[in-house]
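Trainee: Listed below are the residues making up each chain.
Protein chains: 2
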Amino acid sequence: MEKPVVRSLLEANDAGAAELRALFAERGIAVLNFIGSPGAGKTALLEKTFRDLGGEFSMAVIEGDPQTDNDARRIAAAGGRAVQVNTGGGCHLDAALVRRALGGLDLKGLDLLFIENVGNLVCPVEFDCGEDCKVALLSVTEGDDKPEKYPLLFNLASVMVLNKIDLLPHVDFSLERAERFARRLNGELAVLPLSCRNGEGLDGWYDFLRRVRAKKAERAAVGR
Amino acid sequence: MEKPVVRSLLEANDAGAAELRALFAERGIAVLNFIGSPGAGKTALLEKTFRDLGGEFSMAVIEGDPQTDNDARRIAAAGGRAVQVNTGGGCHLDAALVRRALGGLDLKGLDLLFIENVGNLVCPVEFDCGEDCKVALLSVTEGDDKPEKYPLLFNLASVMVLNKIDLLPHVDFSLERAERFARRLNGELAVLPLSCRNGEGLDGWYDFLRRVRAKKAERAAVGR
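Chains S and P, in that order, are what the protein sequence lines are. Mapping to this note's numbering: the first sequence position 79 is 79, numbers consecutive. For this note's numbering, count along the second sequence from 1 and bump the result up by 1000.
These are calculated hints, taken from the structure and not from any lab test. Since we're looking at a predicted model, the values are computed, not measured. Glycine included, C-beta positions come from ideal geometry on N, C-alpha and C. There may be inaccurate statements among the hints.
[As the list claims (entries may be wrong)] Sample of chain P residues facing chain S (criterion: CB under 7 Å; computed from the structure): (1) S1037; (2) G1089; (3) C1091; (4) P1151.
[To be verified] Label pairs and their computed distance ranges (CB to CB): (5) S:A18 - P:R1183: 44 to 50 Å; (6) S:R51 - P:F1057: 50 to 56 Å; (7) P:L1152 - S:R73: 18 to 24 Å; (8) P:N1070 - S:R211: 33 to 39 Å.
Turn these sequences into a full structure, and let the hints guide you.
Mentor: In structure tokens form, the structure reads like this:
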């Protein structure tokens, strides 16, 4: 009984995502959809990115949370532009919510748009929001078995960020094991271990963003 | 469009949960539904509980995961009985899945049944599985703002377990702040800071389980 309903919701969402993708392509905006558990460090990574790349790119964030505008306020404090979407208990963002949030953003000249999804490794994965790539964000405190247990995300993501590596001495987590599980699901997956706390590995993340942005700008130029 | 469908699914689930609750009441089995993020330490707390209380109570677990039977194997290695339910990508357990899992368990003489839900702070909260209480399991690496951001869970839970307190010196987490946010949502909430890694605070958890179990056994005796 549940299946057909879910399928028709996903089909409607895919149509909305295709419209968003066309809009972003026309404007050359690179869009990244951040998916990770609550507390994995999605907002922390965005705060760092705004502080360190704020002079290089024009960036904005759509913040998805069941409640509060805490995250949008954190981004604003880091000098970034953010629109908060409260899902009112809903477990993921979708194309319609992203479309509505765009009403609160000036897209002119924007290089990078981040979508920070609701903290959840399952539901957000199936709802395309017109992004160029999904960023799977896993912290080392969550256990190295997560790619195996939540395979769809790691299968569809372009990059796996392994955050909080400053805590590796205090937890049982093998970077090698997490990477091996994830690569078995997705041979193309980029893997970026880093720490938002001490800054280790952030350069790799910034280079990844530069590549995503350059590729999108190049395609937009060809399209003109 | 989505709302009425969701409502009818929840109503069907509530009916299934009521049947489960009657079955558990008749047999005097105390049932706890564990809800927390991926990697918060739900399985680790169950492993400890089986090792430490295995001689005191007859216990079993229903393990919910999108994929793998890793957690059921971990429980078995700790000397416990576990039935694994794979949701095949689904984001929560529900009464029908729990009912099906019971087919794999001998309920005779069982004192405590744990339901380890899919790692997710949102979706599992709305699906009653016939439990006596929901256990909200939050680890200190996830941030002290989580009760505020995911209020429904903390509103409906009977206890908030704050796990991984051995990592407190390495993260920005205020136990007082987490407790204050959670208590604002739910004045009755028990709060149990503990560490599955070094064993600190586990006694408080075991006392909580003894109280839940004693209350259920007492009610079942009155009912006979």
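Trainee: Next step is simple, just say for each hint if it's right about the structure.
Mentor: How the hints compare with the structure:
With a least beta-carbon distance of about 4 Å to chain S, the hint placing P:S1037 at the interface is held under the 7 Å criterion. Interface restraint check for P:G1089: the shortest CB-CB distance to chain S comes to about 6 Å, inside 7 Å, so the restraint holds. This hint holds: P:C1091 has a C-beta 4 Å from the nearest C-beta of chain S, less than the 7 Å allowed. At its closest, the beta carbon of P:P1151 sits 6 Å from a beta carbon of chain S; the interface hint therefore holds under the 7 Å criterion.
Roughly 46 Å separates the CB atoms of S:A18 and P:R1183, a value that falls within the hinted 44 to 50 Å. Evaluation of the 50 to 56 Å hint for S:R51 and P:F1057 yields a pass: the beta carbon distance comes to about 52 Å. Checked against the hint of 18 to 24 Å, the C-beta distance between P:L1152 and S:R73 comes to roughly 22 Å, which is consistent with it. Restraint check, P:N1070 to S:R211: a C-beta distance of roughly 34 Å satisfies the suggested window 33 to 39 Å.
Hint compliance for this structure: no hint is broken.
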